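Visitor: The lines below spell out each chain.
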Amino acid sequence: MQLSDTAAEADFRRRLREWLGKTLPELPAAPDPADWPGRRAYDTAWQRRLFDAGYAGVHWPADAGGRGATPSEHLIFLEETELAGAPYVGANFVGLLHAGPTIATEGTPEQRARLLPPILRGDEIWCQGFSEPGAGSDLAALRTRAVRDGDEYVVTGSKIWTSHAEVADWCELLVRTDPDAPKHRGITWLAMPMDAPGVTVRPLATLAGTTEFAELFLDEVRVPVANRLGDENDGWRVTMVTLSFERGTAFASEVVACRREVRELARVARANGAWDDLELRRETATLAAEFAALWRLVQWNVSEAAARGVPGAGGSVFKLRFSEARQHLYDLAARVVGTEALLDGRWTAQRLQGLSYTIAAGTSQIQRNIVAQRILGLPKGR
Amino acid sequence: MQLSDTAAEADFRRRLREWLGKTLPELPAAPDPADWPGRRAYDTAWQRRLFDAGYAGVHWPADAGGRGATPSEHLIFLEETELAGAPYVGANFVGLLHAGPTIATEGTPEQRARLLPPILRGDEIWCQGFSEPGAGSDLAALRTRAVRDGDEYVVTGSKIWTSHAEVADWCELLVRTDPDAPKHRGITWLAMPMDAPGVTVRPLATLAGTTEFAELFLDEVRVPVANRLGDENDGWRVTMVTLSFERGTAFASEVVACRREVRELARVARANGAWDDLELRRETATLAAEFAALWRLVQWNVSEAAARGVPGAGGSVFKLRFSEARQHLYDLAARVVGTEALLDGRWTAQRLQGLSYTIAAGTSQIQRNIVAQRILGLPKGR
Amino acid sequence: MHFRLTDDQEQLRRALRELLADREASWAELTEVGLFSLRVPEDAGGLGLGLPEAVVAFEEAGRAVLPGPLVGTELAAAVLGLTGRAEVVRVPARGPVLVPDLPTLEHVLLLHADDALAVLPAAGLDATPVPAVDPDRPLWRLEGVLPLGEQSPQAHRVADEATLLTAALQAGLAARTVAEAVAYARTREQFGQPIGAFQAVQHLCADMLARAELARVAVYAAAVDGDEAEIVGAKLLADDAAVHGARDCLQVHGGMGFTWEARVHRLLKRAWAWEQAGADRGRCLDVLAGRL
Amino acid sequence: MHFRLTDDQEQLRRALRELLADREASWAELTEVGLFSLRVPEDAGGLGLGLPEAVVAFEEAGRAVLPGPLVGTELAAAVLGLTGRAEVVRVPARGPVLVPDLPTLEHVLLLHADDALAVLPAAGLDATPVPAVDPDRPLWRLEGVLPLGEQSPQAHRVADEATLLTAALQAGLAARTVAEAVAYARTREQFGQPIGAFQAVQHLCADMLARAELARVAVYAAAVDGDEAEIVGAKLLADDAAVHGARDCLQVHGGMGFTWEARVHRLLKRAWAWEQAGADRGRCLDVLAGRL
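Note that the protein sequences, when read in sequence, are chains A, B, C and D. Numbering of the first sequence is given in the UniProt record's numbering, commencing with residue 1 and proceeding in unit increments. Numbering of the second sequence is given in the UniProt record's numbering, commencing with residue 1 and proceeding in unit increments. Numbering of the third sequence is given in the UniProt record's numbering, commencing with residue 1 and proceeding in unit increments. Numbering of the fourth sequence is given in the UniProt record's numbering, commencing with residue 1 and proceeding in unit increments.
Simulated from the structure, these hints should not be mistaken for lab results. Keep in mind that the hints are not guaranteed to be accurate.
[Said to hold, decoys possible] Simulated crosslink set (DMTMM-like; lysine to aspartate or glutamate; CA at most 25 Å straight-line): (1) Lys-380(A) to Glu-189(D); (2) Lys-22(B) to Glu-254(B); (3) Lys-380(B) to Glu-189(D); (4) Lys-183(A) to Asp-231(A).
[To be verified] Pulled from the structure, derived: some chain B residues nowhere near chain A, Cβ distances all over 12 Å: (5) Pro-31; (6) Arg-67; (7) Tyr-88; (8) His-98; (9) Thr-105; (10) Glu-106; (11) Ser-158.
[Said to hold, decoys possible] Which chain B residues stay away from chain A? Per the calculated CB distances, all over 12 Å, these: (12) Asp-11; (13) Arg-14; (14) Asp-32; (15) Phe-217; (16) Gln-327; (17) Tyr-357; (18) Gly-381.
Since the model is a prediction, treat every value here as computed from it, not as a measurement. We put the beta carbon where it would ideally sit given N, CA and C, even for glycine.
Make a model of the complete structure from these sequences and hints.
Guide: Written out as structure tokens, the structure reads:
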């Protein structure tokens, strides 16, 4: 067991830190969160800088244009960029972390050549069309239909929880191509151009009052068959393949951020007197221990993934605990700041946002099912 | 909404309190918990005193020999006897609170005449033969067989969690008389004399190291058909009937006791310095509020039962919260007393005993199923 | 002992539930049905009822997540004999002093930590509007030096009863969260069955109900008994039932609950707001610990 | 970074798990395999390994719920160069000073609240046997005035490493509770299916595993990193995983768990005992808060 960097890792970290130190001060001011074109421009400019410096797709295989870094180096990348306060992956999220890796694994040479380089350079933005109003936890119940018509699919239906839809060039879309097959067997993966006729984007206001997500309405949208990844009706497997790209690094930046938040909260508590309350002090300390351990769990999972080539089963365990710890953090913050928690300020915004943590990317209930059935081998109920 | 006594209730309470004040000092010393014959003698002597004073079967209907008191008066009886430190119902439990009421409702005139008076007078002790090693939460899965042979049933099987079996005269026994019927339909209720040939009692050590319970082994025990309550194969209904006798008063004494325990714990904490720990102090206060509310919930449920004739659905809600609050109380006590919690003393004995609260008389999981399905009307899963 | 609603109390509850069922009642309507004059003596134009009736009524107001200065207006009329809208504002242990709905108020009943009460004309207050997280409960921050108050039996009554009426609002809100969660769980299907058929969802809802029921009974008992320890205990249980319930209600709603449109978030935001009204958690626990 | 067991560490774990699999190893066997000399330098007859290896070994000891003065004997050898059985005893915040297994001991390592250490010959101590709740961990109460101790780097090492090794025991015990609960849930049938098929049981077990895994990783990291804050954080998580896990394991076992025979209770009683060994919760949290 070793937690310190290898020589190569230390070198990678040092160079990255140097580059960040030089580059970050040159960045323009971050755009207003409501200014979608401004956000796209900001995020893609950052991606272009990463690309020029050789840090685009750190974790992508070299033959897909990435750096081919080890999982440990990828983790260092995430840790250092977060510690340095570098921009969040933002609009590049789906392209870099989901659609891109899927195409790298499952795409034809033509698809890879056409679609991957613009992701790495920050030229093209992707969004994700998976969830539907009727298909959330039960994603495979999706009903958006695609009917083959010559060289095209004609797609009709709707999607929800699509981030960056307003400024995306492409959508990785899951559609049902065989309504008669068992639900996992009739799904197909398509790369849909967002400017295709019939695509309507409607911003979706969240409980925080912001519009981070959109709904997509698809009305006989024609998508070339050439945009299909993998075989027809094989889209479920194609999509799941990408999850095995995940090398324990999901949420790594967020853990680093939460550890900073706990320290910040302690500072606020010291300043406003809440620190004198033994209960609040101990609860803050408990969370500090929890996030410290969660960071170690990230390192453990990354090491496992690096050694075994596949991510360990630790992902669901991590997700379960991390989601709850983050919500606990912002509930605690509300008690620390007192009546300020009733104002729409910094801590409250985080608290509202945090309400999604036990829901998005697999509810805590689903995570527990996974842990119980796939890790512990408990039987499915009747 | 009224919490104070009516004139009749106040009168009942005053007379009872007077009688307790006069009677309790006359009682002999309580026997050693391991001395079963001593316990039987002590408990039945107390029951005889109650009988002589007109307090035997306070809640039983008058035509069954009881006092026919209102549910409110029954609650007053439970509260005052607990507050005064009167003996616990002990060995009379099953007779007074389950078997007796069942016989009162379902018995023939002959059965009532033979079986009820000795319960009220403390002459005969009952135990309960319901649970089996393979039938706990799923009680109706019981497999102890009874085969009709002329005027007798021949019973073979085993029972578990039987209190006072060592000193009981009778066992209210559930047996399977029709193995081919749906599980709730093939069960029969029998009054089995404990001295019948083929009955073996084996003490069962609990995790606390004591033997409060026993296992019953039944080897071709012959029970007269005349001892059957209700029809053959109708035993499930017969048994459930008694639960509707329950008028919200179950655990009422225990709530009174827990409120005393919280005050006692605060005294201990003040004495040993634990009270200076804000966390412990607040946790104790939280429990004080919880038990105070649980006492109000008892009063609410009793009032509902009195008004409607059936107990409200509040029983499961009460059981759920009360079980957890009691366990919390003894976990908190362990923190208050420090290393003393590692010794086999007063608080630790309670803590160990308390481990059964979320299991016995319907696990908390079963209680939640009941609340969700019967009160909230949520559908059964597939 | 007859610890259940009387027929009159049942009728009051039914009337209010009906009024508030499908729409938001106007302030005039609430005044008309006597929400604020329940406890005003009959010879002063009120209904001459007691705290139990007020609590039953406020439970319904909480269930309907009514906006506006409910608690203060009732207390101003019932305890202080003042007419017009009013709100009780406690000086918090931490954070700014916030007044909800300030421009609509005639009186601000400012309570200090020691229960000293200052009855202030709302019009003259130095206050700044601030962005509130609950969209139906706009807030103003009091600026400058806070006026002193006076301790008195009346002030203590305002303090205790503000806590109790707020607890009643929370108990009603908690019951609402159960109803909304259950209704959604019965209709929303995933994996081929209503999500309410999954044991995980059932148990979540069962615990929600248990919290709501215990809180409700505690609030009723505190109204009948009037003891400070019962009041603060009821507030703790009601806050927990409302906040935890609203949180769980969102969880049951999954992604849908995260939308603005679904309005589930209003339950949580209101529960947070009412949690900070009346005596705060630290004070409630101190009172209870002091009794042990 | 290579944060997983090395091949040698894996081998150590496998060897111990095999040794401890189905029966209780004798003290001689434990000594023989080097449980107490893992960290003793090779030239002093030990294995010359480090804290990570000790933690891996103690995790297995915890999983096997081994009795005896494990932690103190290891620390006496590794830190103080003392041979023979020893136990670390912390003067508690509340309650008597309790020494487990006293008659078998040669040394008592008495730690005061300020980490001052007194190394005492066990034979001379004024102590009374007292009834212990854990049947495999008999206790003696120290009587009279406690000997003073001395602060030193060695004393601090004993304090920190006692906490860490106890955390390792608890992490192993926590893993054991998961294994026992899952094994029972897979075979015990009620309502026509294994109880492990019920979502309520599945979720209980899933949370148990999550706590156990997080604790395990935290213990490993603390062993590698050696930082006091990591150690006390690991202890908190491991105590929670062990105590809560043993509690849930009993719940999964239902009535069976309540019998003496089923031996599930031993897991809980030991988790309670080890929770009070090493730094206590208040101290752990103070250290962590001090770092913020």
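Visitor: Hints broken by the structure, by number, lowest first?
Guide: 18
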